[in-house]
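Residue numbers (my numbering), protein chains in the order written: chain W, 49 to 339; chain Z, 3 to 339.
Read the hints as simulated data drawn from the structure, not as lab findings. You may find that some hints are simply not true.
Below, computed lysine to aspartate or glutamate pairings styled on DMTMM-like, alpha-carbon distance capped at 25 Å [what the hints assert, rightly or not]: (1) W/Lys136 x Z/Asp211; (2) Z/Lys151 x W/Asp268; (3) Z/Lys212 x W/Asp138; (4) Z/Lys151 x Z/Asp166; (5) W/Lys136 x Z/Asp256; (6) Z/Lys198 x Z/Asp209; (7) Z/Lys151 x Z/Asp256; (8) Z/Lys21 x Z/Asp211; (9) W/Lys136 x W/Asp232; (10) W/Lys136 x Z/Glu327; (11) Z/Lys198 x Z/Asp211; (12) W/Lys136 x Z/Asp209; (13) W/Lys136 x W/Asp234.
One-letter residues, chain by chain:
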Amino acid sequence: MTLVLEAAALGILTGGVYALMASGLTLIFGVMRIINVGQGALVILGAYLSFAFFRSWHLDPLLTLVITMPLMFGLGVILQIVFIRPLKTDREALSVLVTYALALGIEGALGYVFTTNYVQLRAWYETASFAVFGFHITYVYVFGFLLCIAILGALFLVLYRTSFGGALRATMLNRTAAQLIGVDVDRVSAIAFGIGVATAAAGGVVFGITNAFNPGSHYDLISRLLTIIVLGGLGSLRGAIIAALIMLVTEDITAVVISPVWATFVFFVILVVVLIFRPQGLFGVRVRDRI
Amino acid sequence: MRGNFLPRVRWRVGRGPLKLVGLLGLAIAALLLPFVAPDPATTNIAVFTVMYIGLATAWNIMGGYTGYISLGHAAFFGFGAYGLGLMLVHLNITPGYAPFVLVPVAGLLSALLAVGIGWIALRTRAATFVIVTIAFMFMMQLLAENLVKVTGGGGGLGLPYSHDWGGDFFNTPYYYAMLLLAVLGLFVSWWIRRSKFGLGLLAIRDDEDKALAVGVPTRAFKLTAFVISAALVGMIGGVYAYYVTYIYPQFVFDPLIGISMVLMAFLGGLGTLSGPVIGAVLLEPAQLEFAYRLGASRLYLVFYSAVFLLVILLLPRGIVPSAAELLNRRRARTVVS
């Protein structure tokens, strides 16, 4: 029983990281109606950027975020302008292919620069732990969770307390109407894509400390992130966060109760069951032609 | 899905007799290829190219005609591969020509799987459908890795192979098997395109709700197209397994196989008959060559991604529709002058 409780606690802590990465993804979908299949590869790219700074300047991995997040934000804006903006018709289908191509390109380039050997970010809090009510919790999970709460909190503040957030939410609700009342939707889209990619950088650091990774790690990551946002309902931030927690808690409990190899599978089963009854996901809205 | 970029142009561009002669010439060339160029390096490329002609054509029946983009068709490819592999191992089939007889059974197994997956996945549309198909593909990969007692898990599954076929002849039977499946796929695709069923699929692509309103049984049609497409892909997966003789979960339930067939159909022209063929013939030999030359450095992925991006940004409608449009415009100009 304590094992199960410990697994659940760990699930909530790691779920925060996935909530952050998935919220970037669902934000991009909400604003642009596109699925960024490259999000996983961008997370890995973020992890490798931190790894590069960590290797050459011996910076603390979490501190590298000060550099990598603005870098990745800029990269996201450029990617949106060059590859996403030209797609005028049938964005949903074409964007999947474009971002998949970007993922392959990033994987190939990372493989060329860093080889396909597994690497991991190192820090003192990676293995050091403290005890709460008899549970041993590693610092990195707590730091990662706090980081994610901080970034998600900032994201919600921007979305609900600034005029830019208002423009962004208006674009999510109705792109044409937002344009009519004077919202520069192209600019909003580019910035939203940048924010989504910047969350990938933050997620990448925590992922890189808690997991060994190589350029091919993005397949596993993106399949999880995509299933999270489908379970939560595409375009719903709240849904993405809750679905991420459900996923990681289920996985960690399954790993303890049944076996680690079945952890992800159980989550897929939950997704399938939910889809049978609610094809639009937990918090999705059923819109004609869009589910 | 509003498919306003999708081709409405007819694929027949040339005139009747001329087309017939051209098709006959292509068929003879395809049939004679192993005799003209019998060295294994060439026939190996031919086997994979014809395999992708079949895969892209089969995918196009679902993705091109109904507009439902499945990125998880590798699930059926892998299921067919493991289906045939396990049958060969457990039924003690003597290697040789007998395993080819079991290929339709592998296709049937994939079709059954597609009924289950399609029943759930087709409740969703557009973006969600894309993701759900990816999720199912990874589910199958996980199953193949975890059910170690059945599949051998990550260690892979070895298939019996014929010791009688050697040298230049080794690839030939597989080449003809792949060719037969590709032709079957093309025939099915052509037949669907001309049928009322095919018309219903195109109506779903253009506006599913209106199609339902005018009496197209959209659910049944979508599922049928999905199952036909999956059955063809499963049979091709079966022949693939017998050809490579050793299969691993991550190499048959491979997202790259799933995306390759989509890219080829896109490059040639979605919803056209000849598009997937042209896409496969252009891309697969190039992909094999690049993987062979640059495989170790993973740079071939960068090349693949660059081609991919160029195709989508410059030719979002594919080669065949763009070429047909160009021809039509030129013809219109001659009429005017």
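Verify the proposed pairing of W/Lys136 with W/Asp232, using a straight-line Cα cut of 25 Å. holds (16 Å)
Next pair to validate is Z/Lys198 with Z/Asp209; report whether the Cα-Cα distance is within 25 Å. Holds, at roughly 16 Å.
Are the Cα positions of W/Lys136 and Z/Asp211 separated by 25 Å at most? Judged against 25 Å, a Cα distance of about 23 Å means the pair holds.
Hint check: Z/Lys21 vs Z/Asp211, CA-CA at most 25 Å. Holds or violated? With a Cα-Cα distance of about 37 Å, the restraint between Z/Lys21 and Z/Asp211 is violated, given a limit of 25 Å.
Just to be careful, I want the Cα atoms of W/Lys136 and Z/Glu327 compared with a cutoff of 25 Å; is the pair within it? holds (19 Å)
Quickly compare the C-alpha distance for Z/Lys198 and Z/Asp211 to 25 Å and report which way the hint goes. holds (18 Å)
Given pair status - W/Asp234, W/Lys136, alpha carbons within 25 Å: holds (12 Å)
Given pair status - Z/Asp166, Z/Lys151, alpha carbons within 25 Å: Between Z/Lys151 and Z/Asp166 the Cα gap is close to 31 Å, so the pair fails against 25 Å, i.e. violated.
Under the criterion that the straight-line Cα-Cα distance not exceed 25 Å, is the pair Z/Lys151, Z/Asp256 satisfied? Between Z/Lys151 and Z/Asp256 the Cα gap is close to 21 Å, so the pair holds against 25 Å.
Holds or violated: are the alpha carbons of W/Lys136 and Z/Asp209 at most 25 Å from each other? Holds, at about 18 Å.
Given pair status - W/Asp268, Z/Lys151, alpha carbons within 25 Å: holds (24 Å)
Restraint check for W/Lys136 with Z/Asp256, where alpha carbons must lie at most 25 Å apart: Outside the cut-off at roughly 30 Å; violated.
Of the hints listed earlier, those the structure fails to meet are numbers 4, 5, 8, in rising order.
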